[in-house]
Structures are given as structure tokens and as C-alpha cells.
Amino acid sequence: MMKLFQKLGRMPIGLTIPAFAILLVVFGIPIVLLFLASINAPAFSATNYLGFFAQTANVRVLFQTIEVSVVATSICLIVGYPTAYLIVAASKSVRITLIALVIIPYLTSGLARTYAWIVILGDRGVINNLLLQLGVIHSPLQLIYNTMAVYIGMVHIMLPVMILPLVSAMMGIDRSLTAAARSMGARPLTAFWRVFFPLSLPGVRAGSLLVFVFCLGFYITPAALGGLRDAMLSTFIAAQVKNSFDISRIATSAFILLAIAVAVLFLLGLDLASAQGRTATTAWKSWVVRISKLDMLKRYFSRFSDSYRAKLWTTQLYQAGDDSRLSNIVGTMFVLLVMVYLHSPGLIVIIMSFSSGTFLEFPPSSISLQWYQTFFGDPSWRGAAWTSIQIGVAVAILSTIVGTLAAYGLNRTHPRLRSFLTMTILTPVTIPVIVVAIASYYGLVNLGLIGSRTGIVLAQSTGATGIVVVIVSATLANFDRTLERAAKSMRAGPLQTFWRVTLPLIRPGVIGGAVFAFLHSFDEVVITNLVSGYSIRTLPLKMWENIRNQIDPTIAAVSSLLMLVPVLWLIILYLTWWRSRLRDHRSRPELET
Amino acid sequence: MRSWINRRRFMQATSSAIAVGALSSIVRPASAQSPGELRVTVGGGDVGKATIEAFVKPFEAETGIKVTPITDDSNVTAIELMVKSGNVTLDVCAVGQGTALTLDRKGLLEKIDYSIYKKEELDGLYDFAKKPFGVSWPVYSYNMVYNTESFPAGKPRPKTWAEFWDVKKFPGVRTLVSGEGGSEGPWEEALLADGVPADKLYPLDIDRVFRSLDKIKPHIRKWWSSGSEIQQMLADKAIDVGQSYDGRALLLVDQGAPIEINRNQAKLQWDFFVIPKGGPNVQNAQKFVEFISRADRQAAFLKTFVVGPTNRNAVKLISDEIARKLPTYPDYMQSSVLMNSEWYNDVGSDGLTNTERLIQRWNEWILQ
Chain X
1 MMKLFQKLGR
11 MPIGLTIPAF
21 AILLVVFGIP
31 IVLLFLASIN
41 APAFSATNYL
51 GFFAQTANVR
61 VLFQTIEVSV
71 VATSICLIVG
81 YPTAYLIVAA
91 SKSVRITLIA
101 LVIIPYLTSG
111 LARTYAWIVI
121 LGDRGVINNL
131 LLQLGVIHSP
141 LQLIYNTMAV
151 YIGMVHIMLP
161 VMILPLVSAM
171 MGIDRSLTAA
181 ARSMGARPLT
191 AFWRVFFPLS
201 LPGVRAGSLL
211 VFVFCLGFYI
221 TPAALGGLRD
231 AMLSTFIAAQ
241 VKNSFDISRI
251 ATSAFILLAI
261 AVAVLFLLGL
271 DLASAQGRTA
281 TTAWKSWVVR
291 ISKLDMLKRY
301 FSRFSDSYRA
311 KLWTTQLYQA
321 GDDSRLSNIV
331 GTMFVLLVMV
341 YLHSPGLIVI
351 IMSFSSGTFL
361 EFPPSSISLQ
371 WYQTFFGDPS
381 WRGAAWTSIQ
391 IGVAVAILST
401 IVGTLAAYGL
411 NRTHPRLRSF
421 LTMTILTPVT
431 IPVIVVAIAS
441 YYGLVNLGLI
451 GSRTGIVLAQ
461 STGATGIVVV
471 IVSATLANFD
481 RTLERAAKSM
491 RAGPLQTFWR
501 VTLPLIRPGV
511 IGGAVFAFLH
521 SFDEVVITNL
531 VSGYSIRTLP
541 LKMWENIRNQ
551 IDPTIAAVSS
561 LLMLVPVLWL
571 IILYLTWWRS
581 RLRDHRSRPE
591 LET
Chain W
1 MRSWINRRRF
11 MQATSSAIAV
21 GALSSIVRPA
31 SAQSPGELRV
41 TVGGGDVGKA
51 TIEAFVKPFE
61 AETGIKVTPI
71 TDDSNVTAIE
81 LMVKSGNVTL
91 DVCAVGQGTA
101 LTLDRKGLLE
111 KIDYSIYKKE
121 ELDGLYDFAK
131 KPFGVSWPVY
141 SYNMVYNTES
151 FPAGKPRPKT
161 WAEFWDVKKF
171 PGVRTLVSGE
181 GGSEGPWEEA
191 LLADGVPADK
201 LYPLDIDRVF
211 RSLDKIKPHI
221 RKWWSSGSEI
231 QQMLADKAID
241 VGQSYDGRAL
251 LLVDQGAPIE
261 INRNQAKLQW
271 DFFVIPKGGP
281 NVQNAQKFVE
291 FISRADRQAA
301 FLKTFVVGPT
311 NRNAVKLISD
321 EIARKLPTYP
331 DYMQSSVLMN
341 SEWYNDVGSD
351 GLTNTERLIQ
361 RWNEWILQ
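Those protein sequence lines, which keep their order, are chains X and W.
Residues in the first sequence are numbered consecutively from 1, following our numbering.
Residues in the second sequence are numbered consecutively from 1, following our numbering.
Just so you know, the hints here were simulated from the structure itself, not pulled from any lab data.
Remember, it's a predicted structure, so these values are computed and weren't measured experimentally.
We put the CB at the ideal spot given by N, CA and C, even for glycine.
Please note: incorrect hints may appear among the correct ones.
[To be verified] Facing chain X, according to a computed beta carbon distance under 10 Å, are these residues of chain W, among others:
1) D46
2) T63
3) I65
4) T68
5) W362
[To be verified] A few chain X residues that don't get close to chain W, going by computed Cβ distances all over 10 Å:
6) Y441
7) I450
8) Y534
9) I547
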């Protein structure tokens, strides 16, 4: 028995066991039962599915959901890729600041942000007021309640989800490869297109996959910012859940959405199998190829350097200087624009939080701190915040550990099996969250964990683990396996190798995964609402209750406080840096003497 | 490199401190409920606060039964999962009329024991408020509301839904409630606008509803889907005339916003207090529901938060000033429409309720 376990542990696929164990118990078994309900087991018939497609509205909204998700993902990629590139290219301190700036908007309550967009785009909103006052227009532009506004709102929420995996994948790319290509006469664009871009593809795939899958489940933002036509399949499902709770019909819609997600992902070639590219054998091959390529590079390089070196370098340096100055300006402008887009809603939320009125208003008629006092003075708000932090940290720890292990194991299994297992791990993110909630409820009832924190942590971890797997996998795709081999050849055990070699190298991905896992938990309403059994109140539940009943500026105050968290983290980080630098300065003269 | 180490140490130190707290707290078992103690959903916000003050605290004082108020709403899904899994964690729930009827149709609710009610209280309750599956509380309404800056009291303004539909005579930015939920939608208003008399509305002619909605469709700036949404639109003065819950509009009027409520052709709706089947404290739950039906308790509630009482006698205990704000004020009730939720829950030959039929039609209609 022990031997079997050890053997299993040594096989890479064994590392995915913890992730799948949680998934199976909390979510997997009930979701299979739901699937059986959708096909009317044990009689087995397709009536529910035929019934779904018999309604033209369902088919139309299905296509509309896919279209909206594809367009939103494309916009995120077009905006996110250059942003991530520029973030990675920046100096270390600027990079950390920019990453924090990308994360901050993600911490603002989605609902508060959506309202901020209404303030900005509304008929009597900031933009229209400004244009009217400047005399550019005479009647308000219809900026809101249309598909454009839906995209503005959705991209705003999803852009960080696109940028962070891109950044973590790009950080793993060896810049000397592009430099080598340039030195051989490749134009900057060619060097980027032929060398850098292919290496960044795992990040592109991971980011697109996450964004696309999340977009499929959107409905609050389209409902608030869109027009009558801008419905999503989840809008329809939510109405079904609210009214009748006909489980077989709800399950049918959910599995159709899941099937569409899988089909589209394969169609677009977004499955993680190709994302990770190399299997154990091909990894070796590609490494050999890469080495020989590098050899060739070296040979070319040395040939150039023989006679033309001096001349070539002076001209190149001169050109590069000119080029980079222009591209620096363009790049800075671009990043600035993206940051303005990402932060203007948050800024409006912060300003509104100081309002003295009882409603969200912009600009506030007068200033007060009363809504912060409400938050800190009310034990139910404080208690909910503390509960949420504890649950969020527990979810982050659990899902980062099992997710990283699973990603590591998946990276080493057969590609076909891998793509299947990855899709399975991603199911809780792909299908509508209300169905996940219902399945998790059944799963936790069996464990007797309804209304317990453990239950909430387990239920939220199923989704969070999927996110961690995607982000860590993207980082692992560029990971150089020979380094592990080298460590093992020097008698490091597998655990030691992982701890001392692999983990430090994939750290950006692991940290990114942990951050997202925490945020996933910290923003979760639907699952928590159901499995909390009305006995545990988290901050998002409290915020959700508040926003449905009375939109007072407490919600803006809470969001502003949440935005402070990464800023504080940044300040502490700088302080530790600054201290260590001081120490460095002090120690240097000693070395010199 | 050194900065990395420092940062790592820092991260390790802080994260492990939080982690220990987090992990030690999650192993704590679910909050244990002592026998007889009630768990009741009371709704959020000011409604929740008023419910606790007017109902929960006096109930505890009178009966000695401890009540844990949960400031949240429950729904069909949550209650059905609880009852069917034999894990009933709520003893009394406040739900909408549609939800209550659906739960009743599925056999998920206890029958109300009216034998413990005093005769005068029972007589005071409106007929629609004392159903076998629950006791109604409170009454609210859907009204036409004006932005008085666009439609001041002295000038002509739409008074009926037919006039609301007349966009030439009364131009202005309009809003109506979205019909995506089926049980809530501008259905009755569409028929009133098309000339159907108020007492001939039910059964609703669904085809005629959508023919009428076709006419107003291009002129609706936004179809709102939650109370906070319409409240915010009114507060932002984003619309000139529209449909709103009376409570949301009243809140703004009391704060001095330029808003006026038109009580003519209002649509009345009401929520229910129900008892999920198979709970551990059904007897005490019956007592709590009975407590809510009392006129003096309802009057106490109205003094802190204005909603329509379901016990007629409650009005005798409050000032006329407050009474005039109620959707159940006799003058208003004469020109109002009572929503017939039984029709919404009727199941047709195809196995669909009328609510589901409305949802299907709505989904097709919005994508046309």
C-alpha cells in the first residue's frame, strides 16, 4: 500500500490528486448528478436539450453571449498585451508599482464600479456635462444603455485578469534572445514577432482563456450598462433560478454553456495543451533545437563580430537611441491612457465615499467622513470584513498549494490527458456560478459542512484552484526543465529540487495565482450566499445586501478602503527596499577597504 | 537579490501570521443552534432594522423565545435545497408573493395554524393576506412617478398609463420595470395603456401585452431590474417620468428630491412570511408569524418605515400624515390594481406556469 502511494506520488499525475479530490467531493459528484438530471436519467431523453433549442430566443442569446465574450476578450488582449509588455520592460520599481496599479481596480466592488460607469457615461454624467458646458454638443450623447457601454464595463473588470498572466509569462522570457536576434540584423518588429511573441503565447492563451470563460458568465454588468437587447445566457438562467428552480432545465442551460465554452476554446486553439507546448519528450527535443539554434546564433554573431563589429554597433546604438526615445514616449502615453481608464471609476468611487448625503452622488454636495464611521462603528460590517479576510487567506493558501501542485503535475503528463484534465479543473469557472453554487451545496450537505467556514473555503477553492492552475501553467510553459535535471544530477532530492530550483523560478506565477485566488474569494457572492446557510456573513454578502436595499455611500467607503490595501502593501515594500539599499550602501565601503 | 530575500521574509512573516488566524478559525464548527431558538430572514437595510425593532425584539420580550434575525433575503433555490436535503436552517422566511406561491405549489411550506390567532386580528387582515401557506407583510406598489422639474404639478402631465404611452403629447425620458423575471413586469400597465379596464385584466392576454409594449419599446431609455437601480436613476434625475416602487420614490421625496408619486393606476403587490417544511422549531415559528399579523406591531413598524400594512386596524393607530403615504390608503386603493399572483402561478397544459410563459415571450421580444 505504502509502495503504491509512493509510486503514485512519484508519477507527475499524482500531484494533481489533492486538487481533484477537493473538486470531486465538493463539486464533481453533484455536477454529474445534475448532468444526469438534465438528460432525465434513468429514462434518458434529450427532451430538455431539444426544448432549449426549440426556443429561438435561447439560440440567439447563446450566439450573442459568445459574440460578446469573444469581442471583450479580443479588446482585453489588444489593450492588455502592449500594457503587459511595457510593464515588463520597465525598471523593477516602476514595474511593481504598475502591477499594483493593475490590481487595485480589481479590488473595487464590481457593483460600485458599475455605478461609477453610470456616473461617467450617463445622460447627465461627467462626460456629457463636460461636453454640454463646453458647448460641443447641445443634447446629451447616448453613451450608456448600449452594447458599447457593456464592453467598456466588461473590459474594465477583465483587463487585470488578462494583464497579470501576460506579465508573469513575459517575465520568464529571456531578453537576451531578442537582443541576439536584433544584433543579427533583425528589425525590432521582426525580432519581436519571431522571437518574443511566440515565447509569450502561453501568457496570451492563459489570459484569453480566463477572460473568455469569465465573460461567458457575466450578467450584472450587461444588465446595468446595456440596453434591452444586451442579454446574456446567464441573464436567462438567473431568471429561471429566481422563479421556478426547475433543476433539470437550469442544468440543461448550464451544460450547453459548458459545451460551448469547450468547443470555442478548442476552435480558437486556446486549450492549455498547446499552451504548454512541450511534453516531456518534445521538451527535450525543443531544447536540443534551441541549443543548436543558439549555436547558430553564436556562429553568426561571431562572424559578424569579426569584421563589422565596431561599425555595426555604433550605428545600431545610435539608431536604437533614437528609436527608443520615440517609442518611450508612445509607450508611456499608452500606459498612461490604460491607467486612466482603469482608475477613473475607482477615483469617482473614492470621491463619492466622502459624500455627506445619503445617496451616491457625484460630485458630492458636501464632504464628510460619516460613511467611514458607519463602517468602523458597525460591528456587522467589521465582523464581515474580518470573516472575509480569514476565508480569503484560507482559500488563497489552499488553492495555491493544490493548484500549483496540479499545474506542475499536469505540465508533465501526456498532452491529450492534460487538456482533458485541465478542462475538468476549469469546470467550476466555466459554468454559470449559480450552477456551481447548487452543486457545491449538494456536495457540502453530504459532508455536513453547510453553514461552516470550512464549507465556504472548500466551495470557493474549487474555482480559485482553476485560476491558479491556469496562471501557474503559463509560467511553467517557459520553464527550463534542464535546471531541474542539473539539480538532480547534483543529488538534490525531488522535494529539494522543487523547493530550491523550480519554485523560485515560477514564483511570479505562484504569487499571481495566490493574489487572484484571494480576490476570487473576496468578491464571491453567489456560492457563498447559498452554502453559508444564512449563518456566516462575509463582506461581499454584506455589500450585496446593502446595494440591493439602499445604495448609501457605505459601499463606496468600503471599496475605497479595499483599494487602500495594495497601496499600503506597496509602501511597505518600498520601505523594506529602501532599508536594504541603505544597508547595501553602508556595507560597500567596508568591502572596498 | 537581497531585496528579494527581505521581501520574501516580510511576506512570510505577515502571511503566516494571518494564515494561523485564518486556519484556526475555519475549524470552528458551524454555529450551533439551541433548541427552540428561531432563525428568521428579515430583509436588509432599513426594512431589516425596522423588522428587528417592531417585530423581533418585542417578540423575544413577550415569549422568551430567542430569535436570530438574518438581514438578508431568501429565495426559492435556497429554501428548496434546504427542505429537500433535510437541513432546514431557516425557521421563518420573508419572500415575495410569487416565490411563496411557487414554494406552496411544490409542497415546501408548513400550513399556517390560524387557530392561535385572536378573532379581531384575523378579521383585521385583508383576505389576500391570510393564505394557508403564509401571512402577508407588507404591501407595496408600482407607481408612475414624475421628475417635477420636467413635469411640474401645475402643467399637464401623463396621469394614466394610456397617457404615459402617448409620447407625442408628453415627450420626455421614460423608464419601465424590466420583465426578465416574469412575475414582475410592465404587463398590467401595458394592458391598461391599451384600453383594458382594470377589473378585466386577468387572465392577462399575453399577445396583447406585447403588442402594446411594441409601441412604447423605442421610447424607453432603460428597463430597470432592481429597486436600487430605479432609486439611483430618480436621485440622479436621469429620467422625466417612469415606473418605480412607491417606497423607493417616497424615500427620495422625504429627502426633498423633486419627485412626485402618481397614485392613480398603481399596482399593488405584497410579500409573505412563510415557514419552510420540516424545520426544527415549527411551533415557535407559528407564534412568530402570528406576532407579525398584529395591528399594534404593524403600526409600530410604520412609524419607523413606511410600507402598506396588511392588517386594516394598524391604520387606526397611526397619524393621517403617515397614512397618506401608504399604498393601502383607502382613496388610493380604489384606483389601484391588485396583482393576481395566482394567475402567474397557474400551470398550463404544456406544464409551464404563466410566469414562465411571460419569461419566454420577454426573451424573444427583447432580441427582436
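So, going through the hints one by one against the coordinates:
Using the Cβ-Cβ criterion of 10 Å, the hint placing D46 (chain W) at the interface with chain X is satisfied: the shortest such distance is roughly 6 Å. At its closest, the beta carbon of T63 (chain W) sits 22 Å from a beta carbon of chain X; the interface hint therefore is violated under the 10 Å criterion. Of the supplied interface hints, the one on I65 (chain W) is violated, with its beta-carbon coming no nearer than about 18 Å to a beta-carbon of chain X, more than 10 Å. Hint status for T68 (chain W) relative to chain X: holds, with the closest Cβ pair at about 9 Å, below 10 Å.
Taking 10 Å as the C-beta cut-off, the interface hint given for W362 (chain W) holds, the closest approach to chain X being about 9 Å. Taking the minimum C-beta to C-beta distance to chain W, about 5 Å, the non-interface status of Y441 (chain X) is violated against the 10 Å cut. With a minimum CB-CB distance of about 6 Å to chain W, I450 (chain X) fails to clear the 10 Å threshold, and the non-interface call is violated. The beta carbon of Y534 (chain X) sits about 5 Å from the closest Cβ of chain W, which is not more than 10 Å, so the claim that it is off the interface is violated.
Not every C-beta of chain W lies more than 10 Å from that of I547 (chain X), the closest at about 6 Å, which undercuts listing it as non-interface.
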